[in-house]
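Undergrad: Sequence:
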Amino acid sequence: MINYIEIANLGRVAQDAIHEHRLRGGQVPVTRLGQPTGAHLTVARPDAPVTLPEAMKLAARLLAAFDDVRPDDMTDIFYIHAHNELTLALRDLLNALGAR
1 MINYIEIANL
11 GRVAQDAIHE
21 HRLRGGQVPV
31 TRLGQPTGAH
41 LTVARPDAPV
51 TLPEAMKLAA
61 RLLAAFDDVR
71 PDDMTDIFYI
81 HAHNELTLAL
91 RDLLNALGAR
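Numbering of the sequence shown is given in the UniProt record's numbering, commencing with residue 1 and proceeding in unit increments.
If you're looking for bench data, these hints aren't it; they were derived computationally from the structure.
A few of these clues could be false.
[Stated by the list, open to error] In silico SDA-like links for lysine to any residue, alpha-carbon gap of 20 angstroms or less:
1) K57 <-> L88
2) K57 <-> D16
3) K57 <-> D67
4) K57 <-> L93
[Said to hold, decoys possible] Label pairs and their in silico Cβ distance ranges:
5) P53 <-> M74: 25 to 33 angstroms
6) R61 <-> G98: 30 to 38 angstroms
7) D73 <-> G98: 20 to 28 angstroms
8) P49 <-> R70: 12 to 20 angstroms
9) P53 <-> L86: 28 to 36 angstroms
10) H83 <-> E54: 18 to 26 angstroms
11) T75 <-> P49: 15 to 23 angstroms
12) T51 <-> T87: 18 to 26 angstroms
13) P49 <-> M74: 15 to 23 angstroms
14) P71 <-> D16: 27 to 35 angstroms
15) P49 <-> D72: 19 to 27 angstroms
16) N84 <-> T51: 18 to 26 angstroms
17) P49 <-> D76: 31 to 39 angstroms
18) D16 <-> L97: 29 to 37 angstroms
Yeah, the Cβ is synthetic: ideal placement off N, Cα and C, and Gly gets one too.
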């Protein structure tokens with residue numbers, strides 16, 4: 001079974017830590033109420049840098065996918081997921097432009 005963590009549900013410090021691990025790779029120990037659980041969030045390999053044309057293509061593809069969403073399907077989960085996807089796409093664009 002795969003468990004997913006919605007980045008939008010995490011605090012800013014946790015979001016920044018996950019972003020750093022996405023850049024470098026590594027493991028993050030998982031705790032519950034401050035106590036170690038023995039589990040780790042593992043990023044097997046760092047994200048490869050995205051070129052500007054690739055970042056533009058991915059952002060355009062993401063926006064086009066939103067065009068096909070019916071209003072009835074725009075649930076809370078949709079907006080959380082869309083926020084995460086837009087954040088990643090914008091971060092890739094900024095990185096490709098050398099602005100971050």
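Undergrad: Decide, hint by hint, whether the structure agrees.
TA: The hints, checked one at a time:
1. K57 <-> L88: 13 angstroms, holds
2. K57 <-> D16: Roughly 25 angstroms separates the two Cα atoms, so the pair is violated.
3. K57 <-> D67: 16 angstroms, holds
4. K57 <-> L93: With Cα atoms ~10 angstroms apart, K57 and L93 stay inside 20 angstroms; holds.
5. P53 <-> M74: 25 to 33 angstroms: 30 angstroms, holds
6. R61 <-> G98: 30 to 38 angstroms: Given range 30 to 38 angstroms: violated, Cβ gap about 22 angstroms.
7. D73 <-> G98: 20 to 28 angstroms: Because 36 angstroms falls outside the window, the suggested range is violated.
8. P49 <-> R70: 12 to 20 angstroms: Violated, at about 35 angstroms.
9. P53 <-> L86: 28 to 36 angstroms: Check failed, 19 angstroms falls outside 28 to 36 angstroms.
10. H83 <-> E54: 18 to 26 angstroms: Check passed, 22 angstroms falls within 18 to 26 angstroms.
11. T75 <-> P49: 15 to 23 angstroms: Taking Cβ atoms as reference, T75 and P49 lie about 33 angstroms apart, which means the hint is violated.
12. T51 <-> T87: 18 to 26 angstroms: Holds, at about 19 angstroms.
13. P49 <-> M74: 15 to 23 angstroms: 32 angstroms, violated
14. P71 <-> D16: 27 to 35 angstroms: 34 angstroms, holds
15. P49 <-> D72: 19 to 27 angstroms: 38 angstroms, violated
16. N84 <-> T51: 18 to 26 angstroms: 22 angstroms, holds
17. P49 <-> D76: 31 to 39 angstroms: 33 angstroms, holds
18. D16 <-> L97: 29 to 37 angstroms: With Cβ atoms ~20 angstroms apart, the hint is violated.
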